[in-house]
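So you can see what is in the structure, the chains are spelled out below.
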Amino acid sequence: AQSVTQLGSHVSVSEGALVLLRCNYSSSVPPYLFWYVQYPNQGLQLLLKYTTGATLVKGINGFEAEFKKSETSFHLTKPSAHMSDAAEYFCAVTLYSSASKIIFGSGTRLSIRP
Amino acid sequence: EAQVTQNPRYLITVTGKKLTVTCSQNMNHEYMSWYRQDPGLGLRQIYYSMNVEVTDKGDVPEGYKVSRKEKRNFPLILESPSPNQTSLYFCASSLSPGNTEAFFGQGTRLTVV
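Heads up: the sequence lines are chains A and B, in that order. Everything in the first sequence is counted per our numbering, starting at 1 for the first residue and increasing by one. Everything in the second sequence is counted per our numbering, starting at 1 for the first residue and increasing by one.
Any given hint could turn out to be false.
[What the hints assert, rightly or not] Some residues of chain B that are not near chain A, with every Cβ distance over 10 Å (derived):
(1) Pro8
(2) Thr13
(3) Leu19
(4) Thr22
(5) Met27
(6) Glu30
(7) Glu53
(8) Gly63
(9) Glu70
(10) Glu79
(11) Ser80
[Said to hold, decoys possible] For each label pair, taking beta carbons as the anchor points, the in silico distance ranges come out as:
(12) B/Thr20 to A/Ala54: 43 to 53 Å
(13) A/Ser70 to B/Lys65: 42 to 52 Å
(14) B/Pro8 to A/Ser111: 27 to 37 Å
Worth flagging that the hints you see were computed from the coordinates, not collected in a lab. For every residue, glycine included, the Cβ atom is placed at its ideal position computed from N, Cα and C.
Produce the complete structure using the sequences and hints provided.
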């Protein structure tokens, strides 16, 4: 069965510092991978996704993620944090073969210190 | 504007009183689903629908019902709500459940007392 693990339920960084949010998945076949962001009192919106092709994926707001099959990881990074990046971030996967649902990680809350 | 609309945004109800949370999308998406979000658990799928009149259980379907009579609407029904159904609920739609973006509603915060 596929699953998604996000390391760290809460990450705090200083404004201007590197943001690194970790995501590992377990799947017997290569999955589709997503990062979603949830701002306070809002629904989720897509940051970026990996389906096929280039393993380094660029998303909105300066975020990017790299699919590493050997490490079964899809970590999210941003070189320089901004106060507006404070939100909850969810990693998610679906499978090529039976993509009847998205499996979400438990989420990581990102706080930005001035 | 492409959107998924849920109503109501906030609801406080009493145990056992039937309620319906509506969800409507204007993108002609075939796939729709309901999730509940609880602290530390992320989003868990309640029900999903691949198309009109086609629905199936997700991971936590107990105590919920859905229907898909029209492509755009996918209401969530709680026939006899209980306090353990207090949660934040999201409706989502997408072209397909696989490699395409899911669009989420704003959420419905339900409290059952």
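Right, here's what the structure says about each hint:
Even its closest Cβ contact with chain A, about 14 Å, leaves proline 8 of chain B beyond 10 Å, as expected for a residue assigned away from the interface. The Cβ of threonine 13 of chain B sits about 20 Å from the closest Cβ of chain A, beyond the 10 Å cut-off, so the non-interface label holds. Every Cβ of chain A is farther than 10 Å from the Cβ of leucine 19 of chain B; the closest lies at roughly 20 Å, confirming the non-interface assignment. The non-interface label for threonine 22 of chain B is consistent with chain A: the shortest C-beta to C-beta separation is roughly 15 Å, beyond 10 Å.
The beta carbon of methionine 27 of chain B is kept farther than 10 Å from every beta carbon of chain A, the shortest such distance being approximately 14 Å. The non-interface label for glutamate 30 of chain B is consistent with chain A: the shortest C-beta to C-beta separation is roughly 12 Å, beyond 10 Å. Every beta carbon of chain A lies more than 10 Å from that of glutamate 53 of chain B, the smallest distance being close to 16 Å; the non-interface claim holds. At the 10 Å boundary, the C-beta of glycine 63 of chain B stays outside the reach of chain A, the nearest C-beta of that chain being 19 Å off.
The beta carbon of glutamate 70 of chain B sits about 21 Å from the closest Cβ of chain A, which is more than 10 Å, so the claim that it is off the interface holds. For glutamate 79 of chain B, the condition that its CB be more than 10 Å from all CB atoms of chain A holds, with the nearest at approximately 23 Å. The non-interface label for serine 80 of chain B is consistent with chain A: the shortest C-beta to C-beta separation is roughly 26 Å, beyond 10 Å. The beta-carbon spacing between threonine 20 of chain B and alanine 54 of chain A, approximately 44 Å, falls within the hinted interval of 43 to 53 Å.
Checked against the hint of 42 to 52 Å, the C-beta distance between serine 70 of chain A and lysine 65 of chain B comes to roughly 44 Å, which is consistent with it. Remark: the range hint 27 to 37 Å for proline 8 of chain B to serine 111 of chain A is upheld by a beta-carbon distance near 30 Å.
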